[in-house]
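Trainee: Sequence:
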Amino acid sequence: MKTTILSLLALATALSVNAQDKWSVDKSHTSVNFSVSHLVITDIDGQFKRYEGSVVSPSSDFVGATVNFSVDVNSINTNNEGRDKHLMGDDFFNAEKFPKMVFKSVSFVKKNGNKYALTGDLTIRDITKRVTFDVNYGGTVKDAYGNTKAGFKATTVIDRIEYGLKWNALIETGGATVGKEVTITVNIELSKEK
13 MKTTILSLLA LATALSVNAQ DKWSVDKSHT SVNFSVSHLV ITDIDGQFKR YEGSVVSPSS
73 DFVGATVNFS VDVNSINTNN EGRDKHLMGD DFFNAEKFPK MVFKSVSFVK KNGNKYALTG
133 DLTIRDITKR VTFDVNYGGT VKDAYGNTKA GFKATTVIDR IEYGLKWNAL IETGGATVGK
193 EVTITVNIEL SKEK
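Under the numbering used here, the residue at position 143 of the sequence shown is numbered 155, and the numbers go up by one with no gaps.
Derived from the structure by calculation, the hints contain no laboratory data. Please note that a few of the clues may not be correct.
[Stated by the list, open to error] Lysine-lysine pairs mimicking BS3-like chemistry, simulated, CA-CA at most 25 Å apart: (1) Lys39 / Lys161; (2) Lys122 / Lys165; (3) Lys61 / Lys165; (4) Lys165 / Lys116.
[To be verified] Here are the in silico distance ranges between beta carbons for each label pair: (5) Ile139 / Ser72: 16 to 24 Å; (6) Asn45 / Asn126: 18 to 26 Å; (7) Thr197 / Ile139: 17 to 25 Å; (8) Val169 / Asn80: 19 to 27 Å; (9) Gly158 / Ile56: 38 to 46 Å; (10) Asp155 / Glu93: 35 to 43 Å; (11) Asp138 / Ser43: 19 to 27 Å.
Quick caveat: nothing in here was measured; it's all calculated off a predicted structure. Glycine is no exception: its CB is placed at the ideal position from the N, C-alpha and C atoms.
Build out the structure end to end from the sequences listed, making use of the hints.
Mentor: Okay, structure coming up:
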């Protein structure tokens, strides 16, 4: 009897340890975007075309999930080839020396309703800073092929100067050509691994 109880406890413990859902990024339904002010009068938008990401969640509502995400800096696209080359150079990302931006989460907590806070370490140019994304959880559904999908929109604002993206030039009114604050928005669709 004692052996049976111990066996059941061991099985229950093993199941609870392994009861984590693994998710991968659905690249055809995900985008990594950014926006920064230009000449203080407008915003310039861009995106990164290549990225990798995974999520491991201990619960169906994603509370406590672990998020890892990396972006290939060389895939930057602002619809201007000259600007993209400048952004990949040493004035900004230095993509040759630092080809990846990396985010590793430390917490994923529910605030209220479908609103979450995702906090983690963001590394750009080998400089790591703690950031928090405001996350809107769109929900989880089965697609037409029986795959389980989950959708999120995550937004944060960083100071690019803190990451060594320091280039700037002053305009005649004294303002900066490129703003310090960069808004990052990730629209992400995850696929549950089977």
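Trainee: Could you run down the list of hints and mark each one as holding or not?
Mentor: Here is what the structure says about each hint:
1. Lys39 / Lys161: Satisfied, since the Cα-Cα distance of roughly 12 Å is no more than 25 Å.
2. Lys122 / Lys165: holds (14 Å)
3. Lys61 / Lys165: holds (17 Å)
4. Lys165 / Lys116: holds (17 Å)
5. Ile139 / Ser72: 16 to 24 Å: Check failed, 36 Å falls outside 16 to 24 Å.
6. Asn45 / Asn126: 18 to 26 Å: With a Cβ separation near 20 Å, asparagine 45 and asparagine 126 satisfy 18 to 26 Å, so the hint holds.
7. Thr197 / Ile139: 17 to 25 Å: About 21 Å separates the Cβ atoms of threonine 197 and isoleucine 139, which means 17 to 25 Å holds.
8. Val169 / Asn80: 19 to 27 Å: Once the Cβ atoms are compared, 21 Å apart, the range 19 to 27 Å for asparagine 80 and valine 169 holds.
9. Gly158 / Ile56: 38 to 46 Å: Given a distance of about 41 Å, which is inside 38 to 46 Å, the answer is holds.
10. Asp155 / Glu93: 35 to 43 Å: holds (36 Å)
11. Asp138 / Ser43: 19 to 27 Å: holds (25 Å)
Checked against the numbered hints listed earlier, the structure breaks hint 5 alone; every other hint is satisfied.
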